[in-house]
Each structure stands twice: as C-alpha cells, then as structure tokens.
Amino acid sequence: MSGPYTGSDEPRTIGYTSRMAAPGQAAPGVRPLPAPAARASPQRTTRLGELLLPLVSIALSLVLWEVVSRTELVSQNDLPAMSTTFQELWALMQTEEFWKNVGYTVRGWALGLALATLLAVPIGIVLGTSDFAARAFRVPIEFLRPIPSAVLIPLLFLTLGTTLRSEIFLATFGAFWPLLVQTMYGVRDVDPLATETGRSFGVRPLERLWRITLPSALPYIATGLRISSTVSLILAFTAELFMGTPGLGQAMNFAQSYGLNEQLYALAVATGFVGLAVHFAMTALERRALHWHPSQRAATP
Amino acid sequence: MSRRAYTGLAVAAEVAVPIAILAAWQLWTVQADNQHFPRLSTILAEFQDLWLFAQFREHVVPSLLRIGAGFGIAVLAGVALGVPLGLSRRARALAMPHIEYWRAMPPPALLPISIVLLHDIGDRQKIAFIAFFCLFPVLLNTIDGVRAIDPTLIDTARSYDIPRHERIRRLVLPAALPQIVAGMRTSLSLAVIMMVLAEYFSSTSGVGYVLLISKNTFEMGPMWAAILLIGLLGYGLNLLFLLFERRVLAWHRGWRAATPQ
Chain H
70 MSGPYTGSDE PRTIGYTSRM AAPGQAAPGV RPLPAPAARA SPQRTTRLGE LLLPLVSIAL
130 SLVLWEVVSR TELVSQNDLP AMSTTFQELW ALMQTEEFWK NVGYTVRGWA LGLALATLLA
190 VPIGIVLGTS DFAARAFRVP IEFLRPIPSA VLIPLLFLTL GTTLRSEIFL ATFGAFWPLL
250 VQTMYGVRDV DPLATETGRS FGVRPLERLW RITLPSALPY IATGLRISST VSLILAFTAE
310 LFMGTPGLGQ AMNFAQSYGL NEQLYALAVA TGFVGLAVHF AMTALERRAL HWHPSQRAAT
370 P
Chain S
-17 MSRRAYTGLA VAAEVAVPIA ILAAWQLWTV QADNQHFPRL STILAEFQDL WLFAQFREHV
43 VPSLLRIGAG FGIAVLAGVA LGVPLGLSRR ARALAMPHIE YWRAMPPPAL LPISIVLLHD
103 IGDRQKIAFI AFFCLFPVLL NTIDGVRAID PTLIDTARSY DIPRHERIRR LVLPAALPQI
163 VAGMRTSLSL AVIMMVLAEY FSSTSGVGYV LLISKNTFEM GPMWAAILLI GLLGYGLNLL
223 FLLFERRVLA WHRGWRAATP Q
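Listed in order, the protein sequences are those of chains H and S.
Using the numbering used here, the letters of the first sequence correspond one by one to residues 70 to 370.
Using the numbering used here, the letters of the second sequence correspond one by one to residues -17 to 243.
Quick caveat, the hints were computed from the structure, so don't treat them as lab data.
We treat Cβ as the ideally placed atom computed from N, Cα and C, and that holds for glycine.
Just so you know, not all the hints are guaranteed correct.
To give an idea of the chain H side of the interface with chain S (calculated C-beta under 8 Å), a few residues [claimed, not checked]:
id : residue
1  : Ala128
2  : Leu184
3  : Ile194
4  : Val195
5  : Thr198
6  : Phe201
7  : Arg207
8  : Ile210
9  : Pro223
10 : Thr307
11 : Gly341
12 : Leu345
13 : Ala358
14 : Trp361
Sample of chain H residues lacking proximity to chain S, with all beta carbon distances greater than 10 Å (derived) [claimed, not checked]:
id : residue
15 : Ala160
16 : Leu187
17 : Pro191
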C-alpha cells in the first residue's frame, strides 16, 4: 500500500519513536515556520501597503493602457490612448447632453428597482409564509426566473416601442426575480420560535409581520436589493443601447454608428463609473439599514 | 384538514397552476387576436418547424458552442487567477480595484467596444465577450473559497514541506470547490444572457440572430419560438449543471450530513 506521501521505503511508525522531535526541536522532515513576528510585517506598514497597493495598481494599468495605444501595439483608432479618452470624457462632462443622459440611465435604474421592490417584496412575503402558495407557483417561477430578460427586447420594441415604459418594464422584470427569491428565503428562515412566541402573546398578524418577520428577513432582502440593483442598471442600459430609449446606452449606440471611437471609450468609462457609484450607494445603504445586524458588525470588537 | 389531504391539494395546485396559466394564454390570445401575442398552439407549431430540427444545426449549435467555449475559458481563468489571489493578500490589494470596476460595468457597454477592438462579429468576439463577463462570478467565488480555508491547514501542509503545487491540488482546490461550483452556476446562466446580447447586437448566426431577424421582419411566430427556445435553454443548462454539481460535490454533502452542525 502506498499513499501519496509514502515515498520512502522505511516502515511508517505510529507513536513516539526516536525519530520524533524532542520538545523545542523540529521533527525531521518538518520545517519550522518562521516566527509570526518575522512573517507578518508590523501593523502600520500593512495598513499603508493596503492603501497604497491599489493606487499603484490603478496607476500602472492606466500607464499600460497609454503605452499600448501610443506605441500602436493596438492601433490608436481601435483603442484611443488613456489620455485621449479621459480628455474626451472631460469634454463630454462639460456638455449638458452628457449629464442628461446620465440622468436618464439613473432614472431607468431607480424606477425599475423601485417597481421591482414594490412587487417582489409583498409577493415574496406571501410565498414565503404560505407553503401552499409557494408550491402552487413553484413551476412558473422556476421556469421564468432563468429566462434572460434580454429576450424580451424585440418583443418590447414591437409592443411598447422606444419608450420609457419599455425601459422600465425590462429593468423591473429583471430586478424582480432575485429580490423575490431572496425575500422568500428570508421569510422562510424566520425563527419559528419567535413567531410562535409573538402569537402566544397575542401579537396581531400585521404587527407580527412588521415586528418579527420583516426585521429578521431584512438581511436577505438587502442582499436581494443589491443584486437587483445591478440587474436593474444593466437592463436600463441595455434598453437604451438596443432599443434607443434616451440615456448613456443610446449615446454609445450613436458614437458607434458614427465611428466616434474616442467618444465610445469615454462613454464606456463613464458607464463603468455610474455602475460603481450605484454599487457603492447600495452597499452603504445596506450597511446603514442593517447596522444592528451581526453581519455588519463583524469588524467591531 | 388532514396532513395527507393537504399534501394532495398542494401537489394538485403545483400541477394545475402552470396548466391554468398556459390555458389562460391560449384562451386570451384566441379572444384578443393580437398579432403581437400569437396563440400558444401557433408558437408550439412554429417551435417545432424551426428548432426540431430544421435550423438546429444552423443557429442553435453555434450558440451552444459559444456558450461552451466562453464558459469554459471563464472557469479556467477564474480558478487560475482566483487561487493566487485568494492566497496572497498583496495580490488581492493589487487586483481588487480592477475587479470592482469591471464587475460594476454593465456588460452591454462593452459590446460596441469589443467589436471595435477585435474587428470581428464572429465567434472570436462572441466568445471573448461571454468569457470576460462570466469570469467574475467564478473569480470572486474562488477568492472567497480560498480565503475561507482554515489557515492552520495551510500552515500544517507548509510545515510538512508539501510542495506548493501539491498543496494547491490536494488542499486548496478541494476545500474551495463548493464555492467555485457555486460561482460556476451563476456564470453559466450569465453565459446564456451574454450569448443572447452579443448575438442580438450583431451577428450572422445563432439564436440571438434569429431573434433579431424576426424582429426586423415583424415575424412574431419565429420570435416567440426563439424566446421559448432561449427560456428552455436557460432552464435546461441550469438543470444539467445541478446534476453535475450533485456528482462533483457528493463527498462534500456526505461530509456535511455526517458532521453535527
């Protein structure tokens, strides 16, 4: 019998043998780890490094972008240099048009997310509380959920047309599912003892919902909101790019049609920043709403 | 109501509700006679005409190959990058700003860019686009999975002089596998979405292309058939993956069931 680490022909012995180390001395074949103090640098340097490294990394990648384009490793027409792109972005930021487009995209995101929340949370509570309802609608939900919302674009284009309603419908449809599922799980995960205690103390159902079910499902709902927020932004942007409802997506579509590659890259960079802003806003909101919850308190002693 | 009667009723509802929805669709479309919402029977007939199997080779196979290639590249790259990033705090500090930025980027914003950059609307551009955005769930889950490994295990392996590649193969990868697989599942459903977006934006073949053409020619039958096909594709791939997951993680579930929580 030879296991992966039994390369030697010596018989393996179990128990205390002369080959085992005396206290304070490393066993043969066992390399002592360096003392912790030597391995980890002092706390302050680590902190500084953690702050500095990301900045260095961002700077390096921007320089790399500039070099790749300036040396024509990738032609400047296909990949405008970093400096050119940011100059273009700066120029765009001086125009009213650009901020209007940002506003349209953000409006699509916000309305889609709000509508999805209004629909998904109540339905999720019903389906999470009632086992019967959950089973009745299991098949339609399981079938509709994985359908990529993008397939609805041509349909919306022909029915609702190039309108805000199309954009909102698409964003809402996409954002609805993650939030629904999270709410269902959250409600199902409420400690039955808490509900029963509430019931035996004569707390009315609506009061129980408000004081017991919702607070304990909130972390799940918050996670769902974070996922849905990303989805809603993606689909609002998608509607603009594919259907031509006004916003950053439509602006990118124009830039591509007219071959304005510098503008195309500048708009993509801007879109990334909008995405980042939405992400940070939702994370901050979650932290605020859930400051009492253990998941947000991990770092504090 | 007895427990048995309740279960029976629940099962009946589970079967009846989907049937009722489909029947309502058929009745409503017959009554409304709206050209945008064809009857269920029309959609099914169209579905059979198109996909079983007249255009299967021409349009479904390319789409599936793109999903497969993009997803495969994303999984390999995600694990290959995620393991070192999970093990090294310094590497994470270097990579995180980029990961955060690209993850927040709405994928369609890179569709026009990918075409400009690659001079291509064929398989190369589609696969690159799918792979790029499917990378993130695998990558982030791999990082988290590797980070969650008990450091004592890694230190023990290190102090026994187990070489690095053995350590990764026998300790890090198995320990992170459940999380990696969870990331893969997210990536796979993302791959279907990215395939549709990329093909619908510009292409000459694929399911998304059929969707685009039927929109441009106002043919509602093929459009609904394509929507149904993509829905089934998403559903089916997810189901296949769950089977794969059950196999790959059988040891993990068995272990979890045996240890008291």
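Hints, one by one, checked against the model:
no.: 1; hint: Ala128; result: violated, 10 Å
no.: 2; hint: Leu184; result: violated, 19 Å
no.: 3; hint: Ile194; result: violated, 19 Å
no.: 4; hint: Val195; result: violated, 14 Å
no.: 5; hint: Thr198; result: violated, 15 Å
no.: 6; hint: Phe201; result: holds, 6 Å
no.: 7; hint: Arg207; result: holds, 6 Å
no.: 8; hint: Ile210; result: violated, 10 Å
no.: 9; hint: Pro223; result: holds, 4 Å
no.: 10; hint: Thr307; result: holds, 5 Å
no.: 11; hint: Gly341; result: holds, 4 Å
no.: 12; hint: Leu345; result: holds, 4 Å
no.: 13; hint: Ala358; result: violated, 21 Å
no.: 14; hint: Trp361; result: violated, 25 Å
no.: 15; hint: Ala160; result: holds, 19 Å
no.: 16; hint: Leu187; result: holds, 22 Å
no.: 17; hint: Pro191; result: holds, 19 Å
Of the numbered hints stated above, those contradicted by the structure are hints 1, 2, 3, 4, 5, 8, 13 and 14, listed in ascending order.
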